[in-house]
Each structure stands twice: as C-alpha cells, then as structure tokens.
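Residues in the sequence shown are numbered consecutively from 22, following our numbering.
Honestly, the hints are just simulated from the structure, not real lab data.
Possibly wrong hints are sitting among the right ones.
Claimed, not checked - Label pairs and their calculated CB-CB ranges:
no. : residue 1 : residue 2 : range
1   : Q75       : N41       : 12 to 22 Å
2   : N82       : R51       : 28 to 38 Å
3   : L55       : R79       : 33 to 43 Å
Heads up, the beta-carbon is just placed ideally off N, CA and C, and yes, glycines get one too.
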Amino acid sequence: MPRDLLVLSTTAPSLVDFVNAGASVDPELRVRSLDGDAVVEVVDDHGTAHVSVQHPERVDNQEEVRRLAPWTTLRAPLWWTEAWAPWGAHGEVGVAIARALAAEVDGELLVEDGS
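Whenever a hint applies, use it, and build me the whole structure from the sequences.
Pasting the structure below:
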C-alpha cells in the first residue's frame, strides 16, 4: 500500500509545475501519464514510479476544507491534489517531488505515513 500525499494550493498545479518539481529532485527522471491524463507519474529509466499524482480538483466550500484538512492554513477556494508514493527509496524521492510541487505552487503538503 503506498503512502498518501496531499497537496493543497490556491492555484492549480500544472503539468509544468509537476515536471519542474521532478527535475528539481532528479533531472534524470521523466513523466508519464495514465488513464487519459487522470494520473501523472514521475518514473525512472526502468519505468518504476516514484510518485503518482491525480488531476487536481477545485474545492470551493471552506467547511469541506476544514473537515477534510483541518491542518491547513489555506482557505477555499483551493486546489486539492492527491498523490501516492511507494515505501522505500523510490518513495522518498516521490515525497521530495511532492514537497517540491507544493513549493512550486506555494501550497502545503500532508504526508500520511501510517503512524
């Protein structure tokens, strides 16, 4: 089971933001899309995914934000971007990419590590 990641931001992360985040962590990685671009992954030369990111969704209701992400300091409307990273070394790279993505869009990141 992968580690759940959540990026919240006031602007929608774009594919360019995601590519920049991946390149800032490891310029040798590449991007591929799945399910008609519903999910984008950063992968290595062997096709191993380091992080998978779902298409961002806009959330307009502040009560929903407060209920689902009480830790955030951001207010609606905001963009909710779910991601998943495997456990282990590949996943650590994936979490670093998610951190870079959050920084790229001035957002916040929640890493759920199962604890």
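Right, here's what the structure says about each hint:
Here the CB-CB span from Q75 to N41 is close to 18 Å, well matched to the stated 12 to 22 Å. Between N82 and R51 the CB atoms are about 36 Å apart, so this pair conforms to the stated range of 28 to 38 Å. The given range of 33 to 43 Å is broken by L55 and R79, whose C-beta atoms sit roughly 21 Å from each other.
In this structure, only the earlier hint numbered 3 is contradicted, and the remaining ones agree with it.
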